[in-house]
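Protein chains: 2
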Amino acid sequence: MIQQEDTIVALATPNGIGAIGVIRLSGHDAITIAQKVWKGRDLTKQASHTLHFGRIIDGDIELDEVVTSLFVAPRSYTRENVVEISCHGSNYIIESIIKLFIKNGARAAKAGEFTLRAFLNGQLDLSQAEAVADLIASNSKASQQIALQQLRGGFSNQLQQLRDQLVQFASLIELELDFAEEDVEFANRDQLKQLTHTITRVIGSLIQSFELGNAIKNGVNTVIAGRPNAGKSTLLNALLNEERAIVSHIPGTTRDTIEELLNIQGINFRLIDTAGIREATDTIEQIGVQRTMEKISQSALLIYVYDAGEISIADLNSDIENLQKPGITMLVVANKADLLNDEQLAALPYTGKTIIISAKEKQHIDELKHEIYNAAIKDQLTGHETLVTNIRHLQALQKTEEALIRVLEGIDFVTSDFLSMDIKQALHYLGEITGAVTTDDLLENIFSKFCIGK
Amino acid sequence: MIQQEDTIVALATPNGIGAIGVIRLSGHDAITIAQKVWKGRDLTKQASHTLHFGRIIDGDIELDEVVTSLFVAPRSYTRENVVEISCHGSNYIIESIIKLFIKNGARAAKAGEFTLRAFLNGQLDLSQAEAVADLIASNSKASQQIALQQLRGGFSNQLQQLRDQLVQFASLIELELDFAEEDVEFANRDQLKQLTHTITRVIGSLIQSFELGNAIKNGVNTVIAGRPNAGKSTLLNALLNEERAIVSHIPGTTRDTIEELLNIQGINFRLIDTAGIREATDTIEQIGVQRTMEKISQSALLIYVYDAGEISIADLNSDIENLQKPGITMLVVANKADLLNDEQLAALPYTGKTIIISAKEKQHIDELKHEIYNAAIKDQLTGHETLVTNIRHLQALQKTEEALIRVLEGIDFVTSDFLSMDIKQALHYLGEITGAVTTDDLLENIFSKFCIGK
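For the protein sequence lines, the chains are A and B, in the order given.
Each residue of the first sequence is one higher than the one before, starting from 1 at the first, in my numbering.
Each residue of the second sequence is one higher than the one before, starting from 1 at the first, in my numbering.
Wrong hints could be hidden among the right ones.
To be verified - 27 Å max Cα-Cα, derived DSSO-like pairs, lysine-lysine:
no., chain 1, residue 1, chain 2, residue 2
1, A, 110, A, 449
2, A, 325, A, 369
3, A, 36, A, 110
4, A, 141, B, 99
5, A, 141, A, 369
6, B, 295, B, 360
7, B, 141, A, 36
8, B, 325, B, 369
9, A, 99, B, 369
10, A, 141, A, 36
11, A, 399, A, 193
12, B, 103, A, 141
13, A, 369, B, 99
14, B, 424, B, 193
15, A, 353, A, 369
16, A, 103, B, 141
17, A, 103, A, 39
18, B, 193, B, 399
19, A, 141, B, 39
20, B, 36, A, 141
21, B, 295, A, 99
22, B, 424, B, 360
23, A, 399, A, 449
24, B, 45, A, 45
25, A, 193, A, 424
26, B, 449, B, 141
27, B, 110, B, 449
28, A, 36, A, 99
29, A, 295, A, 360
30, A, 39, B, 141
31, B, 353, B, 399
32, B, 369, B, 295
33, B, 353, B, 369
What the hints contain is simulated information worked out from the structure, not anything from laboratory work.
Sequences are here, hints too, so could you generate the full structure?
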């Protein structure tokens, strides 16, 4: 898969009509290839990090007036020579220029190939490279912050520290193997035990953080359920009221695939289409129950709404009992409070915690949002400095944890060679996250999910 | 409409997910505003045309790692200070950065406002500014070449020369007005007549060039007509065969609004949906005839196809007679030649020029393309160095021509003041093209059609 000798080219900006498009070239010959089709100052003689106005020419034919950015190796994203051509945003022109570069010795870049080169050339480790894709896909403050922190190496540094500590012991135990006949212990078993405990705890905490990290990265699946006329649609509109414009005024984002996106304090909540639930709730023991429950079981949060002036104690308790699922947080919301007086409100049938609102009059909606945020996020935030958001990292951490548990179990009983094997396994899986250990398949798998041009 | 004191900001690249997005700031304070949210080398102290890696920060919060391009006035597109931020291509990040700039004193740019400033600051004249939009919209070699030539000032220079010559006479005639009592002639009437003739001829030629210019810019409307089973669809596919991939492999281009785009020697031919014609041709005198004729009358070129082995002389002549329209070139194509022998081919019923092909076997398709190109383009190319592609320019040229004809008609009869008025009118309309004469309305009208960010 990996050929690094050639110079690659791709459009780095989105397709479509815009004022400008940026075409990126990277590789040893990037500057000399650009120079071949360039009318302007000699690019091969210019300093790195400079901008040059000029023309792209194909023989006698001028293709465009452009501005060229020059990044001389190793001072570039890929640590190779990089040239970026900022041309007029016509698809015809962009395509013509890319073809021209290919005619002059470049090759069309594969998905993620620029970032792959940045990784292979030591500019980024693997988890940082993955953060680049996360950053591009980020659609909320929280997801952007996590991705940026990962890109900046926060996660990598933490793993590196754990790894360094383990490596020390691994080498001491290796040493013991060399002196196996003499039955010496270079690696203090108590210290190893303590260290392994510490690392296992850290790894365990990272594993636990995935639930939250994943919710932040992909949004918190949230179902609104309730009987007909409980005011679910009005509630949905009240919740989305101001936020809607913010999430939807740039076209082409995630809105195509999900019903509605609600942003509370930088976290996206995906409000799942509850049409099934809407129809099913009054015959909840009957035919719709399975579909309803499926939707709820795929969610992290359930907002159950009832009409405070209408529902009977029996129906309310039955609904709540039926909808409750282990591991899914339920918020109980009494709606249409504007139609009740204080006395009636005090006599609401449900005895558990209830958020009393009027969706129609937009009363206590902010309070509800606060509760939604708290229910999904707040408790989990405690104690997690780093959040794991990537399922590949989760799996590697889980395998690391398994290996470390084997180390702990065997530390007092097994011989150095078995201990050494388990520690090496832990090191291997930790190394997979940052790319200290990789295979072509792994890289292919990761970078093929990138967009072309990155 | 026109406020130039403030600093404007917009996304310069298309919306959508891409590796990077480029945000453009222009105005007196562009660099100081960028510096306010910047972590990296002090941008206010850097040279023009340099690139800087750094971070965009909102107080304590980092928004992204970016590369910033610096263009110090007047060495920029707008001749103002310009800063371009190349950030990760997440809509969330792009939106956050734009909002941050607005919070720090920039204003969201209106459509075309960067180019408007380039015009107002004398970087481009009006027809060059319009060429920027044409260049972005260009979708073929020919349309791109015309737009680029116009951007480079070819058209403007030609108009400027005409204008300079007229201005001389205008000033001499003005002088005559000052000495009106003395009945002197500073402006030689014969020379003026000769010059006006020359200019009128050039203007006339430019007006004539619009038909071709417009065809090149917008594509040549081409209808394929013929009886059922004449092989129209097969012909369409044979024509599009190789070209199709070229015009369609970048999504979001003009393909949504037209049926098929065929590129011959850099010219786009818009093959109009002929479903109406297909059904109507065998009952051509009947109900479908009006719709068919409407489509044909909107086209510049008609390709009439018939089945060489099937049609009778009577039907053929009747079709051709019915389809022929003044001003629309018709190509007569005999299809299914592979089923006939030489003798049969020699005995084809139509006596006019016929292109004999087999759409199915792809015989003589290149020859047909050559004939299509020649019919639409070749004859018209002669004698036009500059092609007018813009209807606003066409109208201004027509008004110039009218004024010049009034000059010619009156030159021997009317007094200096009338002559002066007509010459000034001609100058006015010529000046409108390049923007020597403008109104806010005119500018508003032109630039509001641009995309935002250009």
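Does the alpha-carbon distance linking residue 36 of chain A and residue 99 of chain A stay inside the 27 Å limit? holds (13 Å)
Are residue 110 of chain B and residue 449 of chain B close enough, with their CA atoms no more than 27 Å apart? holds (10 Å)
Between the alpha carbons of residue 103 of chain B and residue 141 of chain A, is the straight-line distance 27 Å or under? Holds, at roughly 17 Å.
Need the status of pair residue 424 of chain B, residue 360 of chain B: alpha-carbon distance at most 27 Å? Roughly 61 Å between the alpha carbons, so the hint for residue 424 of chain B and residue 360 of chain B is violated.
Going straight from one Cα to the other, do residue 39 of chain A and residue 141 of chain B come out at no more than 27 Å? holds (19 Å)
Taking only the CA atoms, is the gap from residue 36 of chain A to residue 110 of chain A under or equal to 27 Å? holds (23 Å)
For the pair supplied as a hint, residue 325 of chain B and residue 369 of chain B, is the alpha-carbon distance within the 27 Å limit? holds (22 Å)
Within a Cα-Cα threshold of 27 Å, do residue 193 of chain B and residue 399 of chain B meet the stated pairing? holds (18 Å)
Would the hint linking residue 36 of chain B and residue 141 of chain A be met if the CA-CA limit is 27 Å? Judged against 27 Å, a Cα distance of about 20 Å means the pair holds.
27 Å Cα cutoff - pair residue 110 of chain A, residue 449 of chain A: holds (10 Å)
Need the status of pair residue 141 of chain B, residue 36 of chain A: alpha-carbon distance at most 27 Å? holds (20 Å)
Going straight from one Cα to the other, do residue 449 of chain B and residue 141 of chain B come out at no more than 27 Å? This hinted pair holds, its Cα atoms lying about 23 Å apart.
Against the hints set out earlier in the document, violations occur for numbers 10, 21, 22, 31.
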